[in-house]
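S.K.: Take a look at the letters that make up each chain.
2 protein chains.
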Amino acid sequence: MDGRTDSSWLGAPLEQLPTPALILDRATLRGNAERMRERCRALGLRLRPHVKTHKTLEGADLATGGTRRGIVVSTLAEARFFAAGGFDDILYAFPVPRWRLAECWELAQRLQEFQVLLDSPQGLELLLQNPVPGGKRWLVWLKLDCGNGRAGIRPTDPEALALARAIALGSPELVTLVGVYAHCGNTYGCRDIPAIQAIARDTTAAVLEFVAAHPVPEMSQLTEVHPGNYLFYDLQQSQLGSCRPEEVAIRVLTRVIGHYRHRGQLLLDCGWAALSLHGGQRGPEGCAAVEGHPRLRLVGLTQEHGQVEAEDGELDFERFPVGSTLALIPFHACATAAMHPVYFVHAEGRVVELWHPVRGW
Amino acid sequence: MDGRTDSSWLGAPLEQLPTPALILDRATLRGNAERMRERCRALGLRLRPHVKTHKTLEGADLATGGTRRGIVVSTLAEARFFAAGGFDDILYAFPVPRWRLAECWELAQRLQEFQVLLDSPQGLELLLQNPVPGGKRWLVWLKLDCGNGRAGIRPTDPEALALARAIALGSPELVTLVGVYAHCGNTYGCRDIPAIQAIARDTTAAVLEFVAAHPVPEMSQLTEVHPGNYLFYDLQQSQLGSCRPEEVAIRVLTRVIGHYRHRGQLLLDCGWAALSLHGGQRGPEGCAAVEGHPRLRLVGLTQEHGQVEAEDGELDFERFPVGSTLALIPFHACATAAMHPVYFVHAEGRVVELWHPVRGW
Numbered sequence: 001m002d003g004r005t006d007s008s009w010l011g012a013p014l015e016q017l018p019t020p021a022l023i024l025d026r027a028t029l030r031g032n033a034e035r036m037r038e039r040c041r042a043l044g045l046r047l048r049p050h051v052k053t054h055k056t057l058e059g060a061d062l063a064t065g066g067t068r069r070g071i072v073v074s075t076l077a078e079a080r081f082f083a084a085g086g087f088d089d090i091l092y093a094f095p096v097p098r099w100r101l102a103e104c105w106e107l108a109q110r111l112q113e114f115q116v117l118l119d120s121p122q123g124l125e126l127l128l129q130n131p132v133p134g135g136k137r138w139l140v141w142l143k144l145d146c147g148n149g150r151a152g153i154r155p156t157d158p159e160a161l162a163l164a165r166a167i168a169l170g171s172p173e174l175v176t177l178v179g180v181y182a183h184c185g186n187t188y189g190c191r192d193i194p195a196i197q198a199i200a201r202d203t204t205a206a207v208l209e210f211v212a213a214h215p216v217p218e219m220s221q222l223t224e225v226h227p228g229n230y231l232f233y234d235l236q237q238s239q240l241g242s243c244r245p246e247e248v249a250i251r252v253l254t255r256v257i258g259h260y261r262h263r264g265q266l267l268l269d270c271g272w273a274a275l276s277l278h279g280g281q282r283g284p285e286g287c288a289a290v291e292g293h294p295r296l297r298l299v300g301l302t303q304e305h306g307q308v309e310a311e312d313g314e315l316d317f318e319r320f321p322v323g324s325t326l327a328l329i330p331f332h333a334c335a336t337a338a339m340h341p342v343y344f345v346h347a348e349g350r351v352v353e354l355w356h357p358v359r360g361w
Numbered sequence: 001m002d003g004r005t006d007s008s009w010l011g012a013p014l015e016q017l018p019t020p021a022l023i024l025d026r027a028t029l030r031g032n033a034e035r036m037r038e039r040c041r042a043l044g045l046r047l048r049p050h051v052k053t054h055k056t057l058e059g060a061d062l063a064t065g066g067t068r069r070g071i072v073v074s075t076l077a078e079a080r081f082f083a084a085g086g087f088d089d090i091l092y093a094f095p096v097p098r099w100r101l102a103e104c105w106e107l108a109q110r111l112q113e114f115q116v117l118l119d120s121p122q123g124l125e126l127l128l129q130n131p132v133p134g135g136k137r138w139l140v141w142l143k144l145d146c147g148n149g150r151a152g153i154r155p156t157d158p159e160a161l162a163l164a165r166a167i168a169l170g171s172p173e174l175v176t177l178v179g180v181y182a183h184c185g186n187t188y189g190c191r192d193i194p195a196i197q198a199i200a201r202d203t204t205a206a207v208l209e210f211v212a213a214h215p216v217p218e219m220s221q222l223t224e225v226h227p228g229n230y231l232f233y234d235l236q237q238s239q240l241g242s243c244r245p246e247e248v249a250i251r252v253l254t255r256v257i258g259h260y261r262h263r264g265q266l267l268l269d270c271g272w273a274a275l276s277l278h279g280g281q282r283g284p285e286g287c288a289a290v291e292g293h294p295r296l297r298l299v300g301l302t303q304e305h306g307q308v309e310a311e312d313g314e315l316d317f318e319r320f321p322v323g324s325t326l327a328l329i330p331f332h333a334c335a336t337a338a339m340h341p342v343y344f345v346h347a348e349g350r351v352v353e354l355w356h357p358v359r360g361w
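Chains as they are written, first to last, in full-length UniProt numbering: chain A, 1 to 361; chain G, 1 to 361.
Bound-form chain A, shown alone (with noise of 0.2 Å):
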């Protein structure tokens, strides 16, 4: 970072940043917060802001409009982090490890709300056995498995059943029910709008179909939803059509930093330490686009270079001076964000704000 301390750069014009950094627009931030509370109001859901792909207390901020209030954190070091930050009413989207019972036991006595997933009788068992003091109850969702297939108990399976009813009905005073939680990773598969919209219908109609079999009245509809990437979006949501090319907040700025006219290409200071290698099944090109160069294509990446090709093979040199900037649209964000140690926010040009990420677990 140029020697500098971080904040020596609030500013400070884009151009002058050290590269490659992870650059966020703060107009499309605060749009894309916006606009994602106006969709929950509309449909009468509470907005539960995942915060797994920024990790800051300014995005968490930003994403509950100021209150701090109600987030999903996807392991402990966030749940501390969020907590000394502030937060309360913190969903902690994992099932409750025995092993690392222990942390949670002091979130759940530290914070006015601290909830947990089950999935299993043995996670019940396992808060029954060790109830929060001053009477506190452990915040328990039931986490349901509707066709993503990674943790979670099948709604068709009759331990689910079984496992809700003694959650929400065995030991009130220790345990209390919050919710069904379902998690549609499963539409990250899917090529278009109708088979995203295909599996969020199958999930909603899995968790009420599960939810109107079972009589507790803290089921009684879909209440929250908890999405995460949606402040940064990214490339992979672009072309999944979850939201328009504008929407996109997040860039790496990355100098180009020599011309190989020999083989027709740029050499970038953006390698996969600074995007990831997300996207890259069938290739870098698919890790990044070139902002406002669709005919550029990234063709290499290693740890800290990044090579550039013209599509067509006609590369104009003279555009792209060595020492110019060029802005990376990273194809998942969670993925480029987990690289970088600072975040600059600009408006109009220049850094406004820096955001610092928890890491670790």
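It is possible that part of the hints are untrue.
What the hints assert, rightly or not - Estimated spans, in silico, between C-beta atoms of each pair:
id, chain 1, residue 1, chain 2, residue 2, range
1, A, Pro341, G, Gly44, 34 to 42 Å
2, G, Leu174, A, His356, 37 to 45 Å
3, G, Glu209, A, Gly283, 31 to 39 Å
4, A, Gly135, G, Ala84, 44 to 52 Å
5, G, Gly11, A, Arg37, 43 to 51 Å
6, G, Glu113, A, Glu38, 35 to 43 Å
7, G, Leu10, A, Glu38, 32 to 40 Å
8, G, Ala347, A, Glu38, 53 to 61 Å
Stated by the list, open to error - To give an idea of the interface, some chain A residues facing chain G are shown, with a C-beta separation under 10 Å as derived from the structure:
id, residue
9, Ala151
10, Pro172
11, Gly283
12, Glu304
In short, the hints are calculated from the structure, not lab data. In this text, a Cβ means the ideal position worked out from N, Cα and C, and glycines have one as well.
Guided by the hints, dock chain G onto chain A, whose structure is given.
M.R.: Only chain G this time, still in chain A's reference frame:
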């Protein structure tokens, strides 16, 4: 990290570590460092270890045999980190960037030896126009492209000789030619040892031919090698035949967090956030092997979850209780290490050191 400070894990048995965790076997690390030093001694070559895989003071101390002299770095963040950590004789293996010249200039002043790469007359001109004060000189390696096709000037290009001559003979009081640099990154595309040896042989021949065609004494022989990955090694290097399986020092420790018998799967608490997606071109199973269980296959990787199946569908769930640990051998150590804020070094089953890598640029 379990809410505890990292150092509180010193002495802890590996099985108690919060997972996922990057673990390194100390005896294997030491063996790898010693063997590479021995090999270089036998070949009469100086070993200048590349630190980009581990990015830690401790790893570089081990690789330099405690001298803390003579390393290669890939970013200026690394250069500053190692300079502050007492290292000197640092080669910044990147064509010297005009827009970050001030940082290079500071390092050139601060260190006894700070070396940079050049592959263009413009780069040389830049250094000549910005002399290092105090009687010091810019120390320069000419970067050749011997078939790798990334940075560098081709040795057969007439401009290469002209540039070498200009560096070596132009203004020796300002800029000194230290050597000629080539990187056989193209060996990663090789399927067997003879193919790798052929590329190494071609690269060596190209460099020596170039050097022989040019009269300056500084370029009289191949003098240094700059390996990077060998301290950790990984599944890829083991598959390429660059190391024996028992020489791979790196693992990601993970826990079984669920049994999904209806689909014959274990769920792990290690996703791409702890492993990267490197090696996954043909699916997640390329990203890591499960140590000691050759029939287990990684069939799914999301941000924080991994899914494992048995090759023949016959998974013995009793062997892998929920909460038990597995060790994953990652495909690409550089990429996996980049995902972790701390590495746990172990000996005889206990944590004996904690290494903290530098990040960013």
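S.K.: Give a verdict on every hint.
M.R.: Okay, the hints, checked on the actual structure:
The hinted range of 34 to 42 Å is satisfied by Pro341 of chain A and Gly44 of chain G, whose Cβ atoms lie roughly 41 Å apart. Hint check: Leu174 of chain G to His356 of chain A, Cβ distance near 40 Å, so the stated range 37 to 45 Å holds. Under the hint 31 to 39 Å, the C-beta atoms of Glu209 of chain G and Gly283 of chain A, about 33 Å apart, fit the expected range. At roughly 51 Å, the beta-carbon separation of Gly135 of chain A and Ala84 of chain G lies within the given 44 to 52 Å, and the hint holds.
For the hinted restraint 43 to 51 Å between Gly11 of chain G and Arg37 of chain A, the CB-CB distance of approximately 48 Å keeps it satisfied. Separated by about 59 Å at the C-beta atoms, Glu113 of chain G and Glu38 of chain A break the suggested range of 35 to 43 Å. Between Leu10 of chain G and Glu38 of chain A, the C-beta spacing of about 51 Å breaks the proposed range 32 to 40 Å. Between Ala347 of chain G and Glu38 of chain A, the C-beta spacing of about 57 Å keeps the proposed range 53 to 61 Å intact.
Against a cut-off of 10 Å between C-beta atoms, the interface hint on Ala151 of chain A holds, since the closest Cβ of chain G lies about 6 Å away. Violation of the interface hint for Pro172 of chain A is found here, the shortest Cβ-Cβ separation to chain G being roughly 26 Å, above the 10 Å cut-off. Below 10 Å, beta-carbon pairs count as interface contacts, and Gly283 of chain A has one with chain G at about 9 Å; its hint therefore holds. With a cut of 10 Å, the hint placing Glu304 of chain A at the interface with chain G holds, because the nearest CB-to-CB distance is about 5 Å.
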